[in-house]
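A.B. asks: So the chains spell out like this:
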Amino acid sequence: METLFSPVILFFILGALAAFARSDLVFPEALSKALSIYLMCAIGLKGGVLVSGNGATSDLLLAAAAGLVLSMTIPLIGFLVLRGVGRLDPINAAAVAAHYGSVSVVTFIAGDQLLSDAGLPPAGYMVAVLALMETPAIIVGLFLARRFGGADMETGGSLWRETLLNGSVVLLVGSFVIGMIIGKPGFEPLTPVFQTGFTGLLCLFLLDMGLLAARRLRNTRSLTVRLVAFAIIFPLLNGTLGVLIGGFLGLDVGTSTALGILGASASYIAVPAAMRLALPKADAGLYLTMSLAITFPFNITVGIPVYTAIAKWSV
Amino acid sequence: MVTTHPRKKIEILVDAPLLSRIQQLAKDAEVKGYTLQRTIGGEGGQGRWRAEEVTGGAGSKLVFATIVDDETADRFLSDLEPLLSEYGLLVTVSPVEVIRGERF
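Quick note, the sequences are listed as chains A and B, same order. The first sequence stops at residue 315 when you use this note's numbering, and every number in between is there. The second sequence stops at residue 104 when you use this note's numbering, and every number in between is there.
Derived from the structure by calculation, the hints contain no laboratory data. Take these hints with a grain of salt, some might be off.
Here are the simulated SDA-like cross-link-like pairs (lysine to any residue), alpha carbons at most 20 Å apart as the crow flies [stated by the list, open to error]:
id, chain 1, residue 1, chain 2, residue 2
1, A, Lys-33, B, Tyr-87
2, A, Lys-281, A, Arg-87
3, A, Lys-281, B, Gly-44
4, A, Lys-281, B, Tyr-87
5, A, Lys-281, B, Leu-90
6, B, Lys-8, B, Gly-101
7, A, Lys-184, A, Thr-196
8, A, Lys-33, B, Arg-50
9, A, Lys-33, B, Ala-51
10, B, Lys-27, A, Lys-33
11, B, Lys-9, B, Asp-69
12, A, Lys-184, A, Gly-53
13, A, Lys-281, B, Ser-85
14, A, Lys-33, B, Ala-65
15, A, Lys-281, B, Lys-27
16, A, Lys-184, A, Gly-167
17, B, Lys-8, B, Gly-44
18, A, Lys-281, A, Gly-53
19, A, Lys-33, B, Ile-40
20, A, Lys-33, A, Leu-204
21, A, Lys-281, B, Leu-84
Not close to chain B: a few residues of chain A, all C-beta gaps over 10 Å, as computed [what the hints assert, rightly or not]:
id, residue
22, Glu-29
23, Leu-190
24, Val-306
Quantities reported herein were computed from a predicted structural model and do not represent experimental measurements. The beta-carbon is built from N, C-alpha and C at its ideal position, and this holds for glycine as well.
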């Protein structure tokens, strides 16, 4: 319940309510983009600085391996469920499954903030795990589409550039490395921009995300009850699995929760653009609505507190 | 009296991630130049959409506009035709007059 009264979540709810009420509130497109760049730099730097202080530990390697396994396994399970229960054709099932195997940077950032506020800050290296989990699901999704859907798809240089050098991956990895190089002393002069202002700017960004998610949900025409159920239940299972794996590997409560959040979140930045390019036959309205308009709000408002509670109980 | 030359203007509404494919097709058809225009939003068979940068441009659309002679237009349109429904393209062709004909 405390999580729901966090300013970050309250601004998200404000944005969603404004969109549902058909308010004319609009966020300038350039400001949204600038805020997302700021947030990715800030979280990357924070992670890098923390790792520079603690060094590369065995926990880092274990969490990275767990993240990779999750991001390759989740799309396979998701594909089977979407084909069977969701009644999607193979190409749409593969495209949607890839979104659920990849991660949502903003869900991670919001989770990191909420966990830190609760005195359970995740380890800094989870930013590296986040970056690692962005792309493997895209490759698994494309394999599934080709193997089961006979998709004749774009697999040229532009797809691989889009996938591996996606802006969010470059920013996260780049600022993480910069954080590792400069360490705490080098980060000190940057704190007014990247630390003091962080929560306020995250509130603004989530206000915009609330607007975006609710407007997309209001305008969708592709959803079925089964797919809505998938977009809620599947992340819940993945999040629980992530938390339990984290606990099994000996990670602390905050870090296990962060692994759960990564497992539960669905991409709406790197994967949609890659899928639109590689699988143009797949319905972009479907995968974007499921990940951005259902799973993202669910994880932000309900999922994160649930994964935290499971971690507190099991770790 | 300024002399003008008849040409064809081709405008394509395309999802932002698919732009690179259109650029490649234009290059293959020997299109000499083009202009890209941002869009704000719209409504069509797939429902209402709004341009936004947050989803990596996957939900945004651009207008690719070019002016070419008849022969180039035929080549370019023939290449585009198989992709129309799969890529969800909206293609319009209109007659225009240009002053410096050698440029188009």
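A.B. asks: So, for every hint listed, does it hold in this structure?
C.D. replies: Right, here's what the structure says about each hint:
{"no.": "1", "hint": "A:Lys-33 with B:Tyr-87", "in the structure": "25 Å, violated"}
{"no.": "2", "hint": "A:Lys-281 with A:Arg-87", "in the structure": "16 Å, holds"}
{"no.": "3", "hint": "A:Lys-281 with B:Gly-44", "in the structure": "17 Å, holds"}
{"no.": "4", "hint": "A:Lys-281 with B:Tyr-87", "in the structure": "7 Å, holds"}
{"no.": "5", "hint": "A:Lys-281 with B:Leu-90", "in the structure": "16 Å, holds"}
{"no.": "6", "hint": "B:Lys-8 with B:Gly-101", "in the structure": "11 Å, holds"}
{"no.": "7", "hint": "A:Lys-184 with A:Thr-196", "in the structure": "15 Å, holds"}
{"no.": "8", "hint": "A:Lys-33 with B:Arg-50", "in the structure": "15 Å, holds"}
{"no.": "9", "hint": "A:Lys-33 with B:Ala-51", "in the structure": "12 Å, holds"}
{"no.": "10", "hint": "B:Lys-27 with A:Lys-33", "in the structure": "30 Å, violated"}
{"no.": "11", "hint": "B:Lys-9 with B:Asp-69", "in the structure": "9 Å, holds"}
{"no.": "12", "hint": "A:Lys-184 with A:Gly-53", "in the structure": "7 Å, holds"}
{"no.": "13", "hint": "A:Lys-281 with B:Ser-85", "in the structure": "9 Å, holds"}
{"no.": "14", "hint": "A:Lys-33 with B:Ala-65", "in the structure": "25 Å, violated"}
{"no.": "15", "hint": "A:Lys-281 with B:Lys-27", "in the structure": "24 Å, violated"}
{"no.": "16", "hint": "A:Lys-184 with A:Gly-167", "in the structure": "26 Å, violated"}
{"no.": "17", "hint": "B:Lys-8 with B:Gly-44", "in the structure": "25 Å, violated"}
{"no.": "18", "hint": "A:Lys-281 with A:Gly-53", "in the structure": "47 Å, violated"}
{"no.": "19", "hint": "A:Lys-33 with B:Ile-40", "in the structure": "15 Å, holds"}
{"no.": "20", "hint": "A:Lys-33 with A:Leu-204", "in the structure": "12 Å, holds"}
{"no.": "21", "hint": "A:Lys-281 with B:Leu-84", "in the structure": "11 Å, holds"}
{"no.": "22", "hint": "Glu-29", "in the structure": "6 Å, violated"}
{"no.": "23", "hint": "Leu-190", "in the structure": "24 Å, holds"}
{"no.": "24", "hint": "Val-306", "in the structure": "25 Å, holds"}
In summary, the numbered hints that this structure violates are 1, 10, 14, 15, 16, 17, 18, 22.
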